[in-house]
Each structure stands twice: as structure tokens, then as C-alpha cells.
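Asks: As they're listed, the protein sequences go chains L and D.
In terms of my numbering, the first sequence has 1 at position 1, counting the first letter as 1, and numbering is strictly consecutive.
In terms of my numbering, the second sequence has 145 at position 145, counting the first letter as 1, and numbering is strictly consecutive.
No lab work stands behind these hints, which were simulated from the structure alone.
None of these values were measured; they are calculated from a predicted model.
Be careful, since some hints might not be right.
Chain D side only, calculated, beta carbon under 7 Å to chain L, not exhaustive [unchecked claim]:
(1) Val-19
(2) Leu-20
(3) Ala-193
(4) Asp-277
(5) Ala-701
(6) Ser-702
(7) Leu-704
Computed footprint of chain L on chain D, listed as stretches where at least three residues anywhere in the stretch have a Cβ under 8 Å from a Cβ of chain L [said to hold, decoys possible]:
(8) 45 to 57
(9) 706 to 719
The beta carbon of each residue, even a glycine, is placed where N, CA and C say it ideally should be.
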Amino acid sequence: MTEPSASPRPIRVSVNGVDHERTVEPRLLLSDFLRHDLGLTGTHVGCEHGVCGACTVAFDDQPVRSCLMFAVQADGHRIGTIEGMADGETLHPLQMAFWELSGLQCGFCTPGFLITARDFLARNPDPSEQEVREALSGNLCRCTGYQSIVAAVLEAARRLRQAPLAGLGKS
Amino acid sequence: MAEGAAQPSPGPEELHPLVLGRGHFLDDLHVPGMLHAAFVRSPHPAARIEAIDAVAARAAKGVTAVLTGADLLGEVRPIRTRLATDSRATYRRTDWPVLAAGEVRYVGEAVAVVVAESRYLAEDAAALVDIAYAPQPAVSEAEAALGPGAPRVHDGLSDNRLFAATLDVGSPSADPVVSVTGRFRHPRVTGAAIENCGALADFRANERELVLWSGTQIPHLLRDLIRDCLDLGDITVRVIAPDVGGGFGIKMQASPEEVVLAHLALRLRRPVKWTEDRLENFLASFHARDAVVEAELTAGPDGILRGLRARALVNAGAYSSFPLSVALEPLTIASALPGPYRLPAYAYEGAAVATHRCPVGAFRGVGFTLGPLVMEGLMDRLARKLGIDPLELRARNLIPPADMPATSAAGALYDSGDYPALLALTARAAGYDAWREEQAHARISGRLLGIGIACFVEPTGMNRAVYRRRGMVHVPGTDAARLTLDRNGQIEAAVSTPTQGQTQRHAFKRLLAKKLGISEASIRIILGDTARTPYGSGTFASRGMVGGGGALLTAAEHLEQRLIALAAARWNLPKSALRYAAGAVTQIEAPREKLDLAALATFAHGPDAPVLADAEPGIVVHATYDSPITPVSAAVHLALVEVEKETGKVRVLRYVVAEDCGPMVDPAGVEGQLRGAIAQGIGSALFEEIIYDAEGQLLTASLLDYLLPSATDIPAIEIVHMETASPGTAGGLKGVGESGIIGAPATIAGAVLDALEVDPEEVRLPLTPERVRALRADAA
Numbered sequence: 001m002t003e004p005s006a007s008p009r010p011i012r013v014s015v016n017g018v019d020h021e022r023t024v025e026p027r028l029l030l031s032d033f034l035r036h037d038l039g040l041t042g043t044h045v046g047c048e049h050g051v052c053g054a055c056t057v058a059f060d061d062q063p064v065r066s067c068l069m070f071a072v073q074a075d076g077h078r079i080g081t082i083e084g085m086a087d088g089e090t091l092h093p094l095q096m097a098f099w100e101l102s103g104l105q106c107g108f109c110t111p112g113f114l115i116t117a118r119d120f121l122a123r124n125p126d127p128s129e130q131e132v133r134e135a136l137s138g139n140l141c142r143c144t145g146y147q148s149i150v151a152a153v154l155e156a157a158r159r160l161r162q163a164p165l166a167g168l169g170k171s
Numbered sequence: 001m002a003e004g005a006a007q008p009s010p011g012p013e014e015l016h017p018l019v020l021g022r023g024h025f026l027d028d029l030h031v032p033g034m035l036h037a038a039f040v041r042s043p044h045p046a047a048r049i050e051a052i053d054a055v056a057a058r059a060a061k062g063v064t065a066v067l068t069g070a071d072l073l074g075e076v077r078p079i080r081t082r083l084a085t086d087s088r089a090t091y092r093r094t095d096w097p098v099l100a101a102g103e104v105r106y107v108g109e110a111v112a113v114v115v116a117e118s119r120y121l122a123e124d125a126a127a128l129v130d131i132a133y134a135p136q137p138a139v140s141e142a143e144a145a146l147g148p149g150a151p152r153v154h155d156g157l158s159d160n161r162l163f164a165a166t167l168d169v170g171s172p173s174a175d176p177v178v179s180v181t182g183r184f185r186h187p188r189v190t191g192a193a194i195e196n197c198g199a200l201a202d203f204r205a206n207e208r209e210l211v212l213w214s215g216t217q218i219p220h221l222l223r224d225l226i227r228d229c230l231d232l233g234d235i236t237v238r239v240i241a242p243d244v245g246g247g248f249g250i251k252m253q254a255s256p257e258e259v260v261l262a263h264l265a266l267r268l269r270r271p272v273k274w275t276e277d278r279l280e281n282f283l284a285s286f287h288a289r290d291a292v293v294e295a296e297l298t299a300g301p302d303g304i305l306r307g308l309r310a311r312a313l314v315n316a317g318a319y320s321s322f323p324l325s326v327a328l329e330p331l332t333i334a335s336a337l338p339g340p341y342r343l344p345a346y347a348y349e350g351a352a353v354a355t356h357r358c359p360v361g362a363f364r365g366v367g368f369t370l371g372p373l374v375m376e377g378l379m380d381r382l383a384r385k386l387g388i389d390p391l392e393l394r395a396r397n398l399i400p401p402a403d404m405p406a407t408s409a410a411g412a413l414y415d416s417g418d419y420p421a422l423l424a425l426t427a428r429a430a431g432y433d434a435w436r437e438e439q440a441h442a443r444i445s446g447r448l449l450g451i452g453i454a455c456f457v458e459p460t461g462m463n464r465a466v467y468r469r470r471g472m473v474h475v476p477g478t479d480a481a482r483l484t485l486d487r488n489g490q491i492e493a494a495v496s497t498p499t500q501g502q503t504q505r506h507a508f509k510r511l512l513a514k515k516l517g518i519s520e521a522s523i524r525i526i527l528g529d530t531a532r533t534p535y536g537s538g539t540f541a542s543r544g545m546v547g548g549g550g551a552l553l554t555a556a557e558h559l560e561q562r563l564i565a566l567a568a569a570r571w572n573l574p575k576s577a578l579r580y581a582a583g584a585v586t587q588i589e590a591p592r593e594k595l596d597l598a599a600l601a602t603f604a605h606g607p608d609a610p611v612l613a614d615a616e617p618g619i620v621v622h623a624t625y626d627s628p629i630t631p632v633s634a635a636v637h638l639a640l641v642e643v644e645k646e647t648g649k650v651r652v653l654r655y656v657v658a659e660d661c662g663p664m665v666d667p668a669g670v671e672g673q674l675r676g677a678i679a680q681g682i683g684s685a686l687f688e689e690i691i692y693d694a695e696g697q698l699l700t701a702s703l704l705d706y707l708l709p710s711a712t713d714i715p716a717i718e719i720v721h722m723e724t725a726s727p728g729t730a731g732g733l734k735g736v737g738e739s740g741i742i743g744a745p746a747t748i749a750g751a752v753l754d755a756l757e758v759d760p761e762e763v764r765l766p767l768t769p770e771r772v773r774a775l776r777a778d779a780a
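If we strip away everything but chain L, and leave its shape as in the complex, we get (with noise of 0.2 Å):
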């Protein structure tokens, strides 16, 4: 690249509460400065357009594509992976739920479907079923037909009313 707009710059990004400096090419995608400058390889790659939603991040407290982004976009924002949910070893409740009730397969899709959910349950504590599904419908799984990822986040918010506590991570 030999436009002077391309040439690489620094950025400072708080990643999971942590602060990162990096000098970066402005066309590098966020989600491959995470994975690959940062090694957070929980946040995953389905489709670099933006459909499947495997590799959604907490921008802000805002759930985004980060294939859909500029690392660059990120300076001096805080966000949120996959890597910064549970306390520890101790599994967030939407990952206990997860867990316990086969809300995964293959686990690709997860980090993105558990950043959406946690959003999503901030702001609709006490979900309907069909009301999960709506929330849901922008991240795509292949192997669960779902049902399983519903029930899920439905016990997780019901877990969550019951001790709201639980839910805070470390973005």
C-alpha cells in the first residue's frame, strides 16, 4: 500500500478491561486484530460480510461485526470479547446455561450468540420466548436448529432476575 492515508498508525483500544497500543495498517479488520494482534482467538470468522455473526464484540457496551470494522475504528473505545465474559473460571450464567443445556455443538457460533444475548438480556431482563428468537435471528447456527440456544438464554434470565450480580464481567 503506498497511499500516505494507508500507511500504519497507532491506536489504543481497552480490550476486556485491558488497554492494548498498536501501531496497525488502517485497513486491518478488527476482528483480525483481536485474533491475530492480540491472540483473543475466542471472537470467530464465519463470513467477513457481516451476515453470520460469529464474530460479534461488545463496542461500547454495542454489539458490532468486527469484520465489519477497522481496528482503527477502535481507538480509544473499549470492547468486549468473549475471552472477557465469564469471572475467572467462573462461567457467566448465559455460559452456565449454555453449558448445561447443549446451547452449542460445535462451538463456533457461540461467542457471537453469548456477546448478542448478554446485550440483549441488559436491556430485556425478562424475555418471551419469541422475543429471544427476534434478538437472536441476526446470528446464524448451523448444527442446533436453535431450540437449544433459546433455552438457554431463557433459563439464563431467569438465572440473572434471581441474582443479577452474577452477569457482571470484566467489560
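Please arrange chain D on chain L, whose structure you already have, making use of the hints.
Replies: Below, chain D alone, put in the same frame as chain L:
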């Protein structure tokens, strides 16, 4: 063995790292010094390659190498998939160069590979490879490819027919009969695992070992192919499947790219990774189905079936894929069509034809999905013609349990099951009569409800005899397990069937723990590494539990015998005085005298270990398992759908399944397989279609064009079970991986046609809103 100290895991252990984002999928792997590959792919469906100018690409920043087909001549042999045919079939092999040699035969075919310091730089340089093509006439449709003047996909062949087979059993009774006919078209679809394909290859010079990581479903067979394609001398190949983000059959084909990566690692003496992107996955990572079946079903006035005649044509794309070849779909359709029914006569012709499209391979359900789509479609027509309730018509024709074991009209052995009871169970669980009432009431108020039914069988874990009969010489049909009991009483169980997310480790652990009467905590399951697992077929065609599970159970029996021999030496008693039960060897006459696994393990590894005539020191046992029969699972699906009159949108209101896949080792896993496969089948029925234009250009190259079902498209699926053990397999086990997708397209199609009250000349999936509106318009 001491039970209990460990807390029971809240879910399958192998899922724990995945909910934490700590999986190790292919693109997560990093080897020091690793380079990245990007492929240059053909934009033309058919063209001669006149010249390739790679000067600019080779000079580009960070580029290590650019290779074309010419660079591989004499170095890498094409993929050559063999098939042994008998007099009823013809097969013509295609040589598939791993980088196009002189001509290209489909859009997306790999023409060159660029290796660079990063994926970004590799893709930059790939765009600089300048290829002069001379486009040639292309043929995209199977029917057109059979025409007299059709362009030939392979110059060396006299026409485009790559495979043809016939079957003719019995003769239809001459009595007066009713007849129904139809044409059924299943779209070209693909597995669309959320993780794309890819490969990472590394040559470990000190060990003379070429390691290839790939999400493959067939590590051992892929290893065979790498040897077939490369001159390796004393170098050994090791294939490792890391965590795999879904396979669904697409990852059971060996890809040209995997062979190229293996070659690159040897040639460059550097590790090289290739991570396929979604565009490449749609262009070049194996499609499936793309079949049309014309059929006629005849019956007596009472609806009792007299005969079935069918002709299938499969659009196989440009090359025969490894290991199953283009024969896969036509042969599977042949065996699937008779389904669970008594059928006195059956005639079948099937063919696979080459076109300028991406090659087809296996995708969950393969030609088995065409069976119910055709047969159940014809049953519905017959029911309407005779004025018999469609459920009743099926009940009259199902093979009764008294006939078991039965031989199907296609010659397959159905070992066990009670198909009429399964149908009755489904009808009861669904409330079939109430559905019919609801449908009638809805009609009065102008709503279009429809009910779909599919009764079908699923041959699972096919054995050696089946692969031999089909001529599929690259598949052994066996699987294997090796059990190692270490000095601490821990068992390592290595099995030849890898997992792509079926929680196979969990299921195998349960199976083995129950068999040996020990805790799951003392077992570790090793999968997906050719250096650590014994040779076997792999995970596909619903064979994980039958093949891998059968091998484990057999190895466990060997282990029990070994433990009895050790105890006999320890006690100085004859083996006949001892028995193994619940994790220990006991004396039959003095049952309080026990040696548990830990005690025997310590004994066997210590200085006092006996010298056994038939065994090495230590405790390692091995079993290669050829299932004595191919067990047949069975299921019935019932769906209630509503068709929106104005838009043609189909909504699935209820979906009920009765499944008999034999004794369930992991019921939650079984239901997960069923629900996931049904969702894929609903996808085939309503949404998913790979579309090429008449010239062979792919029109559905993204997930915006190829629509996967989302959470709002799939209903809650209600499942009831029967568990009929197979009389012929270890543990009575049967498989279940594909069942859901075999039944769902037929069930949904039947329900939609029932709602519309139409019997179109051609039933064409997917039933998109546009097609549903057209069906309504034609009927009006």
C-alpha cells in the same frame, strides 16, 4: 475404581472450553515461521489458460512464492477417485489437478497459489497474478450436458456422463392399478458450516513428518490421499483435525487446496496456512444434491403398492470428489427410494453428469433426502387420487415388524424396528386428527394450513460389505479403537472417528464407562489425529456411534479379557474361575475377592507383572470393527404449516418427530443431532439454493444470497423416541446423524402442497415465497 470424588460436569466436558472462547479451531492455530496462502481462482466456468504472468505478484511485498499448475507438473499428481463397478454400472474417472493445468472447468477452480508473510499480503499479490484465459462454451444444467451438441467438460470423454447405474427388481403385477407420477427437483445446496474450510501444513524435518491440520472428517483417508498425490519417500504424513466448526459432510471430501498446502510445506520448508473465506466456500468447497428424479408409483385400488419406477439425474459438477466419487448421489437415491414400504417391484436408472459447476460431494443425508421427497410426494398423490387419508395409506404399506429382518426392494437389509408403531406414535404425539380438524376449520376462514408426513429409514454406519458393493474403494468401511490402561488406572481411548461438534467425546465416554462399569472421570477420549488414533473410515454417513462406538465396545471386551488374564496370573487361578464386572475382576466362587482396574494396572506395569503368552507387558488393546450389518434407523416426521396467501411465505407451526435410532447413548446428543438436521432440512425445503446461470456463473456467493434459516424460521421441534436395539451390531447401536435432514424436506414440501391443494408436474425446492405464489396461481 474409586467413584465419585469428581463433581459431575454440568454439561459435556468438551463444551466447557468452547463457551469460554478457548477452542482451538484451524484459524486459531499458529506455528512459528508460518506463512499464509491465498488462491487465485478462475472467473470463467470453462476456459483455456493461455498464459500466466506472475512476475508482479512474485515481486510484491512479503511474497515468498507463487505457484501455478505448471509448477506442480511432475511434483503433484491429480486427485484420482476410483470406483470399482460391476456390470450394472459404468464409471469414468476424472483427473482433478490440484491447480488447474491448461484449462479451467468451473468458476472458483484454483489456478495459482500465492504464499506471503500475511494473509493480507498474499491476497494483495493474488490480485496481481495476470492470467490470460480463452473462454470456451460452458454447460451448466445437467439436462443440457446430456444433449448431443453439449460442450464436453472433459475432452478425453465421449460425453458428459460420468456414472450410470440401473436396478431392476421384480415385475409389477398386471392387475388393474392406479398410477401416480411426478418430477422432484432438489436444489444444489451446501453444508455451510459456520467455520469455513482451511488447512495448515508443517514439515518437521527432524522427524521427517509432514503435519497437516484440517477440519477434515476423514483424517486417515485424507492421509492416504496426500500419499497418493505427493512423492514422499520416507516422509510420513500426520493429519490432525483440531476443533472443527461443523462439517456436515462437506469436510469429508479431500480438497485440492489441502494437497497444495501439504506440497507447499515440503517445497518451501516453512509452515503455511490457508483459511478459506466464505466466498471461496461457496465457489469451490463442494456442493451437494442438485438432483432431479422422475418417478411413477403404482398401486391397487386399496392403495397397496405394486411397483415403483424412477429415473434420477444428478448434476455432479466438473470432477469426481474424493473419496466417494460422483456415484454417491445416484447410488444413494437408488437405495433410498423404496423407504420403509413393502414394494414388490422396483426399477431404477440413475446417472451423474459432468457440468461446468463446482464438484458435488456429500452433505448430511446425501441422496437419502431424495428418497422421501420422491416417495412421500408420490404417496400423497396416491392418497388424494384414491381418497384415502395419507396417514392411513402409509400405515397400509409399511413393512410390519413381523417381516423383520426384511430386505428392501433395493436389496438393503432392514434389521429391526416397528414402523407402524412409529407412525402411530408420531400421530398420537402430534394429535394428527386434531390437526386435520384445525386445517378444515382454517380453510373455512380462508387460512391455508397443510400437513406433511414423511416415513423413512436411515441406513447408518455402513460396513465393509456396503462399500465393497458400491465399489467405493477408498473407504475401508471399518473403524477402530485402542484402549490404553496406564499405571494409574486411567484409560485413554483413541477412536478413528473424529468429531465436528457432535460431542462425540462425551458420548464415547458414557458408552465406555457404562460398558466397563467405571467412572467417566477415569476415561480420556482421543480423536482426530492419525498419529494417535488407529486407522479407520472417519465420521460421516451416521457412522460415529456405529463404527467408533462399536470399535470401543469391542476393544472394551478385549480389555476385560486382558484384565481377567492378569488377575488369573496374580491369583494363580484359571481364567474360567474369574469374571469381569463393574470395574473389577472377581472370583466366581469367592465374589468378595476383587482386583479393580487400578490394582490390575499397577500390577501389570510393575516388576511383578506376569509374562502372558499372548500379550506384551502393559495394557494396550486394539479393535478394528466391521459392523456385522449396516443397522437401519427409522423415523416419522409430521409438520403443520401455514402458507400466507398474499406473500407465499411458509410458517412451520408444529414439527413432531418419532425417532428410533436404537439404544441412545447420549439422549441430549441425539436430540441435538435431530433438531440441527431438521433445521437444515427446513432450509433445503424453504430457503437454500445454490444458483448458477445458464453459462455457469455462480449467483449465490454470499450468505445474503444463500439463505440459512435463523432462529425465527425454525420452530420448537417435538421429539418422541422408540429404542429398538439392532440384533446385529455391538451394543445394538444404530446411528442418527443424518435422520433429521432426510425427513424434513419431504415433510415440509408435502405440507405446503397439502395447504395449497396442488400436485404440480414438478415439485421444485426450495419453496420460496415466489415459487409458492406461482403454485397458487397455477392452481387457480
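Asks: Which of the stated hints cannot be reconciled with the structure, identified by number in ascending sequence?
Replies: 5, 8
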